[in-house]
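Participant: With the hints as constraints, model all of the structure from the sequences given.
Chains as they are written, first to last, in the numbering used here: chain A, 1 to 333; chain B, 1 to 333; chain C, 1 to 326; chain D, 1 to 326.
You may find that some hints are simply not true.
[What the hints assert, rightly or not] When the alpha-carbon atoms are kept at most 30 Å apart in a straight line, the in silico DSSO-like pairs for lysine-lysine are as follows:
#	chain 1	residue 1	chain 2	residue 2
1	B	K294	B	K325
2	D	K268	D	K134
3	A	K325	B	K323
4	C	K268	A	K117
5	B	K294	B	K329
6	A	K288	A	K329
7	A	K323	B	K325
8	A	K294	B	K117
9	B	K288	A	K294
10	B	K294	A	K329
11	A	K325	B	K288
12	B	K117	D	K192
13	A	K288	A	K323
14	D	K268	D	K192
15	D	K192	D	K219
16	A	K323	B	K323
Since the hints were made in silico from the structure, they are not lab data. Small disclaimer: the values here were computed from a predicted structure and weren't measured.
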Amino acid sequence: MAQKTMRDAINEALHQAMEQDESVFVIGEDVAGCNGSAGDVGAVGGVFGVTTGIYHRWPDRCIDTPISESAIVGAAAGAALVGMRPVAEIMFADFIGVCMDQIVNQMAKFRYMFGGKSRCPAVIRFSAGGGFSAAGQHSQAMYQIMTSFPGLKVVVPSNAYDAKGLMLSAIADDDPVLFFEPKILYQEACEVPDEHYTIPFGEAAFVREGDDVTVVAFGQMVPKAAAAIDELAEEGISCDLIDPRTTSPLDEGAILESVEATGRLVVVDEAPPRCGLTADIAGLAADKAFASLKGPVKQVCAPHSPTPFAPELEAAYLPDGDKIKAAIKATLS
Amino acid sequence: MAQKTMRDAINEALHQAMEQDESVFVIGEDVAGCNGSAGDVGAVGGVFGVTTGIYHRWPDRCIDTPISESAIVGAAAGAALVGMRPVAEIMFADFIGVCMDQIVNQMAKFRYMFGGKSRCPAVIRFSAGGGFSAAGQHSQAMYQIMTSFPGLKVVVPSNAYDAKGLMLSAIADDDPVLFFEPKILYQEACEVPDEHYTIPFGEAAFVREGDDVTVVAFGQMVPKAAAAIDELAEEGISCDLIDPRTTSPLDEGAILESVEATGRLVVVDEAPPRCGLTADIAGLAADKAFASLKGPVKQVCAPHSPTPFAPELEAAYLPDGDKIKAAIKATLS
Amino acid sequence: MSIPTETLSEAYRLMKTIREFEERVNAEIMNGQIPGFTHLYTGQEANAVGVCAHLDESDTIISTHRGHGHCIAKGAEVAGMMKELFGSSEGLCKGKGGSMHVADIDRGILGANGIVAGGPPISVGSALAAKIRKNGKVAVSFSGDGSVNQGTCFEAMNMAVVLEAPAVFVIENNYYSEHTNISYAVGCDDLKARTEAFGFPVFVADGADFFAVYEAAGKAIEHARAGNGPAGVFAEQGRYHGHFVGDPQHYRGEGELDDLRENHDCLKNFRARMAETGELDAATLDAIDAEVMAEIEQAVTEAKAAARPTAEQVTEDVYINYGAGA
Amino acid sequence: MSIPTETLSEAYRLMKTIREFEERVNAEIMNGQIPGFTHLYTGQEANAVGVCAHLDESDTIISTHRGHGHCIAKGAEVAGMMKELFGSSEGLCKGKGGSMHVADIDRGILGANGIVAGGPPISVGSALAAKIRKNGKVAVSFSGDGSVNQGTCFEAMNMAVVLEAPAVFVIENNYYSEHTNISYAVGCDDLKARTEAFGFPVFVADGADFFAVYEAAGKAIEHARAGNGPAGVFAEQGRYHGHFVGDPQHYRGEGELDDLRENHDCLKNFRARMAETGELDAATLDAIDAEVMAEIEQAVTEAKAAARPTAEQVTEDVYINYGAGA
Ligand SMILES: Cc1ncc(C[n+]2csc(CCOP(=O)(O)OP(=O)(O)O)c2C)c(N)n1
Ligand SMILES: Cc1ncc(C[n+]2csc(CCOP(=O)(O)OP(=O)(O)O)c2C)c(N)n1
Ligand SMILES: [Mg+2]
Ligand SMILES: [Mg+2]
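Facilitator: Given below as structure tokens:
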């Protein structure tokens, strides 16, 4: 099987979906690129290159827009309401700030407010997360915020293989899906089949299996947690590592089963602590797996501050292997 | 002492702050009212009447705006950056959707991104929460979302007395403050002193004291929880009821101390369950008070759905006394 | 421009239906029968009807918080709407949406909307779909004179021009956004010109005159349908009621409301025109009136008797399928 | 219009400083010394300098993602900026903001901004404060040709008119937003007209000509300062670099970049004008060049040697005081 980066895996998923279904189209800033210019329209494929090649193949279904994120999401939402399957790109998840209403008050709520009589099969893609020294307005995870809103499905892949299968599921899904691509992982490669395949929402991946501690990690924290766990294995500590892959729906069953077996839980996410996913999972366990818990539930996350610019600061800001290992040990002691 | 409604208590706080400090001004849609019309400018005082009378006293500092929430928050943020103390009104907290960037990426992050060299003493007021049959786009709490964002302070009063003192603190505070007014409580009255007084942020109120269970509740859930606890007292169950009053900063100490004493925790909020305040507090206890916990931590909140319109549906949607009592009993069993 | 008699009688019927629907809703709110926030369209009926007369079921509209008129004009079932407003589980939205979210996707009604200017971006999406599918459909959004100051509305207008999408922006100037006059909230002197500066034609009409709106909307919709990109309609007509039921209307000048009802009434104007042209006689119009009154009465009776939603329904209809995790 | 010699030499110094600052930053990014996302202002120097020449320290500006030029023109300290870009804790923002968030409140610089059109609403706030305080200050925001399509920018323009606030909107047309040409992204044919339709005058200038920008900005700022409400400046001038460092610039036409550097250079134009008028001689300008080069060299040397931030600093500066709960 070929090694592919997460960027290429998502790109391949988009191609396959567009090939299969004429109602799929992509829309966003520079998803084609160079419109109105003397240059080669379609040469860009999104600032991270995820939509590369689509314009040249399907010029009518690869739509560049002005810098108007509310109108981009609205365009996707409206097209989906009348039966299309748009995949919109919002360049950075942080820009949810300028289009949140269209996501959380419109798209998310149509079906409910309309008494179950509409469907809105739109996918909104975002690059997300830290690690680029991109500072406070270009580094946020944001998926924890969106997980709060009923009516949305929220996907956070941690590797290229999952990204492709989850993207194909997202496009086929009849509900609105937010797809957060940890941008630090775009260049990370793994084996990805050429064929079309899907990964169901709400089914966690067991990335490592072990007996002592359950570790739940999201997005770019999954490979960091895996590395930390591998190091601890040498010290004789063995951990389950669960990657929920979708934060909404959440595979509660997988998490609770593991916690019931290990009695210990560490949750890792890159977002700040308050009202985030680490608290969400900790709260789940403190209720539904309470009887099994043998030690404090530890949350590893960023501190309650915006993302800093300087690499040294950002390195200290984001959770890393050392912090994950310390938390695992703390829950054991 | 006079009985005052929460509406009047906040109105009094605004008057006292404007009296004291020329740099305070209010801005928002119809905070004066009737501008451009043949009628009496100033006759409205905000759709909930909270800014009543301000225009007639200080016409230059009571500023009506077009329906442009991003520009309203931006105007407050910018004026605060140059030393004013604006109090902006966003009619419904749900409308954060159309101005979120100005709140979370601008106001919240100025000081950090600018290396600690700026101050932004802006207050943004919102009416918040359910109970009005106002359906999906006019009923959300939203304060749990905003609590996630470092750089913001978040206030949720549960009674008129606190509302006045907290508002006076908010206006005097040098950091940006979001002030969420549970709209169902506007007409609720209690004793409120005429004098100027403040309530510090990050100091919870003990609304009830008891030994068996710690109950933490927010906003409009505080009176509901108090009533439920009073009923349980007759069955011989005694509870601490903690109203954090500010969700950021959070009085962790008060909560942990109580949980250490009771060993049991129920958290009540009106927002849906995922990544909300109930999980946040549950996660806090599952880590820092783990050794004291004697039963599962129960969360009482809305289900994972938008707010429905019909009164019967909304009544079933919002937490009520019965659900709170059931949770308290569940954590005891 | 000659309009078929059937179109005329249907237009009259719809305007009358909206008028009586709203007046009755007003009364039922006063009676405490209708919960929530409700905004009445009374007075502006010709806007909705004049526009929607050019649309078929698969063209779409998206509405505002003041949505009853648009929905009725586009074909929403009156009894279903009334039940919805009463919060019945038999309502158009099963009692989950209420006044601010009445919708009927099958009839091309993408919903009333509680967020000011929430609709225009969505309408551009529907228009874009029509463009991609090359199916000749148009997508109409309604906005008020206050709504046009919201960023999303501007974005949608520019986006529609850029995408050459068949989006029609209907701006209804009823002079007020809640309690603020347009002369304050719209900074420029000429809202039509500000709108046209985005790069599409805007056709103006007296919103008390069905024929004027019909003509202006016809031009705009034809422009869009023909593939020339977006177009606008700008209709001026005051509302007869307050912003919401119970609004003390401090912003009204003396005699303003009387003048509106007296001299700016699309139903009166319509009848006068018919009397002039003889296209429909008074008896026919009277008969329509009677039918409408009966229909509204029937709708209210049904709404009062209709099933109430139950607690289990709260968590239904959030997703089509929430997957394994749910 | 006669401009004092001091103003002229200062303007030249600032334009040259921006030019050399940016070229050096470009080189240091290539060297891997500067992390993060950086957008260079090279080519557009006259815009910032021509505008800021009319401002004093307590007037405010708010900038964009392409902010270095605006900040230097408004008086930000060059070494402090360079240190910030290098991520030093001695930087203007202690290494917490970087290129996209350079700010210096004490000099009226309300920050570069990573959110396209994040700035204009904030600038209206600063202008409103000036109006309330009646202190004659103005608030300037910079926006690109792409940024003007964002809803927040439209809202700010209308709001400024409504509030009669002394806000000056400087629109810099460098023809592209990232990889998209203005002819695509701005739907209408005439952006100046679309802007003026909001209800304020916009003064146009060739952005390669300091004198043109100075004159246009002078009119706009005078208009605002005099209490006539907002005004605009529309300056056209391409950027010399890609959107970001490493941009392959597929959107450029043949010879476009050469033509820009050859025929649209504010420094060359300035020198030519001085040669004509004799106001500043070549030797004076050469001396300024040398001083600027030395200053930039010094700034880079200092930036490389400056203290690096430490882990404890991560959680500082979030709040002034987080109260009892923290
Ligand atoms: C984003 C947002 N801001 C404010 C409101 C509150 N609100 C509801 S209707 C309205 C006035 C709208 O005025 P206009 O667009 O003229 O429509 P009209 O009510 O006159 O039909 C306002 C301010 C809202 N629903 N959404
Ligand atoms: C809300 C938002 N959307 C998109 C971006 C990504 N982005 C950064 S700069 C830019 C182009 C801006 O173009 P323009 O306003 O013309 O300024 P220029 O870069 O030409 O100076 C874009 C799309 C952003 N930073 N913020
Ligand atoms: Mg109106
Ligand atoms: Mg540009």
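Participant: Identify every previously stated hint that the structure contradicts and give their numbers, smallest first.
Facilitator: Of the numbered hints given earlier, those the structure breaks are 2, 3, 4, 7, 8, 12 and 16, listed in rising order.
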